[in-house]
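Protein chains: 2
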Amino acid sequence: MGIIVAKFGGSSVADAPQIRKTKAITEADPARRYVVVSGPGKRSKEDEKITDLLYQFKDQAAAGQATEAEETFSVIEERFVGLEEELGVAVGMAGLLAEIRERLTAGASRDYAASRGEYLNARLIAAFYGYDFVDAEGLVLFDRDGGFLADETDAALSAELAKHERAVIPGFYGSLPGGGIKTFSRGGSDITGAIVARAARADVYENWTDVSGFLMTDPRVVENPKPIPRLTYREQRELSAMGASVLHEDAITPARVAGIPIQIKNTNTPGDAGTMIVRDDDRAALRAGLKGIAGKKGFAILRLYKSAAGPKLPLLARLLVLATRFGLSIESAPGGVDALALILSGVPDREGLEAFAKTIVDEINPDHLEIRKEVTLLAAVGNGITADARAAVGMTRALRDAGIRPLLIEAGANDISILVGVDDEEYEPALRAVYAALA
Amino acid sequence: MGIIVAKFGGSSVADAPQIRKTKAITEADPARRYVVVSGPGKRSKEDEKITDLLYQFKDQAAAGQATEAEETFSVIEERFVGLEEELGVAVGMAGLLAEIRERLTAGASRDYAASRGEYLNARLIAAFYGYDFVDAEGLVLFDRDGGFLADETDAALSAELAKHERAVIPGFYGSLPGGGIKTFSRGGSDITGAIVARAARADVYENWTDVSGFLMTDPRVVENPKPIPRLTYREQRELSAMGASVLHEDAITPARVAGIPIQIKNTNTPGDAGTMIVRDDDRAALRAGLKGIAGKKGFAILRLYKSAAGPKLPLLARLLVLATRFGLSIESAPGGVDALALILSGVPDREGLEAFAKTIVDEINPDHLEIRKEVTLLAAVGNGITADARAAVGMTRALRDAGIRPLLIEAGANDISILVGVDDEEYEPALRAVYAALA
Numbered sequence: 076m077g078i079i080v081a082k083f084g085g086s087s088v089a090d091a092p093q094i095r096k097t098k099a100i101t102e103a104d105p106a107r108r109y110v111v112v113s114g115p116g117k118r119s120k121e122d123e124k125i126t127d128l129l130y131q132f133k134d135q136a137a138a139g140q141a142t143e144a145e146e147t148f149s150v151i152e153e154r155f156v157g158l159e160e161e162l163g164v165a166v167g168m169a170g171l172l173a174e175i176r177e178r179l180t181a182g183a184s185r186d187y188a189a190s191r192g193e194y195l196n197a198r199l200i201a202a203f204y205g206y207d208f209v210d211a212e213g214l215v216l217f218d219r220d221g222g223f224l225a226d227e228t229d230a231a232l233s234a235e236l237a238k239h240e241r242a243v244i245p246g247f248y249g250s251l252p253g254g255g256i257k258t259f260s261r262g263g264s265d266i267t268g269a270i271v272a273r274a275a276r277a278d279v280y281e282n283w284t285d286v287s288g289f290l291m292t293d294p295r296v297v298e299n300p301k302p303i304p305r306l307t308y309r310e311q312r313e314l315s316a317m318g319a320s321v322l323h324e325d326a327i328t329p330a331r332v333a334g335i336p337i338q339i340k341n342t343n344t345p346g347d348a349g350t351m352i353v354r355d356d357d358r359a360a361l362r363a364g365l366k367g368i369a370g371k372k373g374f375a376i377l378r379l380y381k382s383a384a385g386p387k388l389p390l391l392a393r394l395l396v397l398a399t400r401f402g403l404s405i406e407s408a409p410g411g412v413d414a415l416a417l418i419l420s421g422v423p424d425r426e427g428l429e430a431f432a433k434t435i436v437d438e439i440n441p442d443h444l445e446i447r448k449e450v451t452l453l454a455a456v457g458n459g460i461t462a463d464a465r466a467a468v469g470m471t472r473a474l475r476d477a478g479i480r481p482l483l484i485e486a487g488a489n490d491i492s493i494l495v496g497v498d499d500e501e502y503e504p505a506l507r508a509v510y511a512a513l514a
Numbered sequence: 076m077g078i079i080v081a082k083f084g085g086s087s088v089a090d091a092p093q094i095r096k097t098k099a100i101t102e103a104d105p106a107r108r109y110v111v112v113s114g115p116g117k118r119s120k121e122d123e124k125i126t127d128l129l130y131q132f133k134d135q136a137a138a139g140q141a142t143e144a145e146e147t148f149s150v151i152e153e154r155f156v157g158l159e160e161e162l163g164v165a166v167g168m169a170g171l172l173a174e175i176r177e178r179l180t181a182g183a184s185r186d187y188a189a190s191r192g193e194y195l196n197a198r199l200i201a202a203f204y205g206y207d208f209v210d211a212e213g214l215v216l217f218d219r220d221g222g223f224l225a226d227e228t229d230a231a232l233s234a235e236l237a238k239h240e241r242a243v244i245p246g247f248y249g250s251l252p253g254g255g256i257k258t259f260s261r262g263g264s265d266i267t268g269a270i271v272a273r274a275a276r277a278d279v280y281e282n283w284t285d286v287s288g289f290l291m292t293d294p295r296v297v298e299n300p301k302p303i304p305r306l307t308y309r310e311q312r313e314l315s316a317m318g319a320s321v322l323h324e325d326a327i328t329p330a331r332v333a334g335i336p337i338q339i340k341n342t343n344t345p346g347d348a349g350t351m352i353v354r355d356d357d358r359a360a361l362r363a364g365l366k367g368i369a370g371k372k373g374f375a376i377l378r379l380y381k382s383a384a385g386p387k388l389p390l391l392a393r394l395l396v397l398a399t400r401f402g403l404s405i406e407s408a409p410g411g412v413d414a415l416a417l418i419l420s421g422v423p424d425r426e427g428l429e430a431f432a433k434t435i436v437d438e439i440n441p442d443h444l445e446i447r448k449e450v451t452l453l454a455a456v457g458n459g460i461t462a463d464a465r466a467a468v469g470m471t472r473a474l475r476d477a478g479i480r481p482l483l484i485e486a487g488a489n490d491i492s493i494l495v496g497v498d499d500e501e502y503e504p505a506l507r508a509v510y511a512a513l514a
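Chains U and V, in that order, give the protein sequences. Residue numbers for the first sequence follow this note's numbering, so the first one is 76 and each next one is one higher. Residue numbers for the second sequence follow this note's numbering, so the first one is 76 and each next one is one higher.
Pulled out of the complex, with its shape left as it was, chain U reads as follows (with noise of 0.2 Å):
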């Protein structure tokens, strides 16, 4: 029998429903062994998440507002107290509540206030489960300066894995040399879920969360795209660092090293396929040809017309000089003959950009020189999609026959995108136009 991660996500541990779905989609299959718990996420739109209020519990604590902070902490253990209660566990909630009131009010770290959520639920979800607790503290470990130590955490979660025939970890959180609580980015769950399969040696990690898998395109822009059945690592982290928003960006790593696939499935709909990520050399993923379209704002781009400059490398090296000097992000610097542009993206204020532009032509002295903001970049994601230029095709096409004007066009950087860039304003018909000739 072979061994499954589940990760389940906030809104599929939000209230003891949800729970119950977890409890019968781990028990369906036995594989089910180590189960990765966020926090309970929103109930409703206006649901208050837990993390927040257990760092506003230690903000109003920390400035001595006692009645704000009196109500603010009832919030959250009427929340637990109240899983507690219509799971029918008992797990010492009172006890455990009072524990994390004292060390907040004696001036626990922020990190440590956000990490409750996840330990609490954990706790519970366990109980439910009948599965072993296992905390991450202690196993999920960070060095010093707050670096996942990736081959230590390995060692140390599989050494206590080997102990726990079936458990339940919470995710989000590991802890520092000194034994203080450090947290991962938002989202961070999704890592320590692959971190636990790679500790695990599992040979899958499912991921479930409250849609099913990933979708061709935004479903807020475009009404019900296709969902994406397979697709390998890489065509992930494209599509996610261009903004499709399914998997925390850093969730493949601890997967990939280990070479596990990531299931990506739906809490409230089990029955749908998802999508199931895997290795880049899959055969069935790589079958050349588009697998999404993601698209990205908040991003510039600069062009530097200089004629006759001679090489352009000494003229780059020294752009990039300065886009350090001013603490900007370089996606990519595509040349042309007597031009070179630089794609900026974590794009300052608008002083900031013009204090850019007065250096370079202070100290360059270009011929000409360009900055046009609020730019989005659509991508088309698919292994070998840059040779097979059937999307490159329907993307231009699409785009002209919608009057929309490309500001740049890139392929080739590597084999698996194509990207365009539009005007923020044009964002949405781009990103139909191109789906609708594409998908």
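Hints listed in this document are in silico derivations from the structure and should not be mistaken for laboratory results. A few of these clues could be false.
Since copy identity is lost for identical chains, a pair holds within one copy or between any two.
Straight-line Cα separation of at most 25 Å, DMTMM-like style, residue types lysine to aspartate or glutamate; simulated pairs [stated by the list, open to error]:
1) K381 / D463
2) K371 / D463
3) K381 / E324
4) K117 / D134
5) K381 / D220
6) K433 / D355
7) K124 / E160
8) K124 / E152
Starting from the structure of chain U, add chain V where the hints point.
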């Protein structure tokens, strides 16, 4: 009455019949007051170049090969004395040749040797036209390091031209501060023509050659390509840099500085319209659309994949340092998610590239590194072509229909070209397919 500066290239002044054609052209418009000439070009495919014979003589004389040197010089002598006779002029050619022979035997520089074809031809043509001869020596000025002194030259040359109603000036060379001769790179008479046009405050710079201006693409690959009636300096530079070889790449700058249009004409069919190269803001030329399609071989594409490598800027900066260490030229550095590519020109031999790749592997430790050699870049050039998108659609579709897989597509580094990379072997079918689709 305006002033026209006419430059006649090597094939236009290769023999007496050709020189007669140039006289008829010059006399047809009294505005053609200043004429720049190349040395006599080849009269047939088998003909030896005067420049090469002059080098050969110098080398043989230096090596003490008296008999061989004698034979070489007699070929040069016959050519120029023959021209003097056929044109029916008396410039004392025998004496001029004797002086050149003496100075070359005494060890005059290679640049001096190379320049004498232009010098003697200008002497002959000035006499034949009844124009003054104005030597470029002492007027076209270089600094100690061989850098062209644009403003100093303009001052000296315009002062001298003011003393001559009509003159013939030899192309290709000028002089160093010490007085030695210094030549431009091959084809540099085009540059002299532009320099003289600027100094004469000409209304137009006519460049007379053996083709009727720029054609939309390479006639060696595509049969009877359409001519280009009008293009801007920038479009011309882009086409020239990408492989169209009508005009020397650096010939534009002096004319551009002075805003003088360049008219490319055919000495053999002076009735043909030719190509007019105009200011970058010329309305008629600015009408968006394709002007030409050029192709250039000898590029390489390096693609580096490194997953979750963090910001791209420091990685690119390190790559530039390594490329500089290996003396490589970079044309473009397009980036993708987890990937960075370099488009290299002036690619060294296989060993050089492999040593570069090995150093990248050692110092940057990428997940994967690919080098693709023997890449041809096709450039579709025209003002506003990026935003227009018709060309991008046409190019990508034409390549797809021809079964050619593009290695890269790049548009947006500037607004006047779209680059597509293909295998060297696919250059000709690719160019034919793209021309057929777009032109």
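For this session: Just pull the numbers of the violated hints for me, sorted ascending.
Result: Violated: none.
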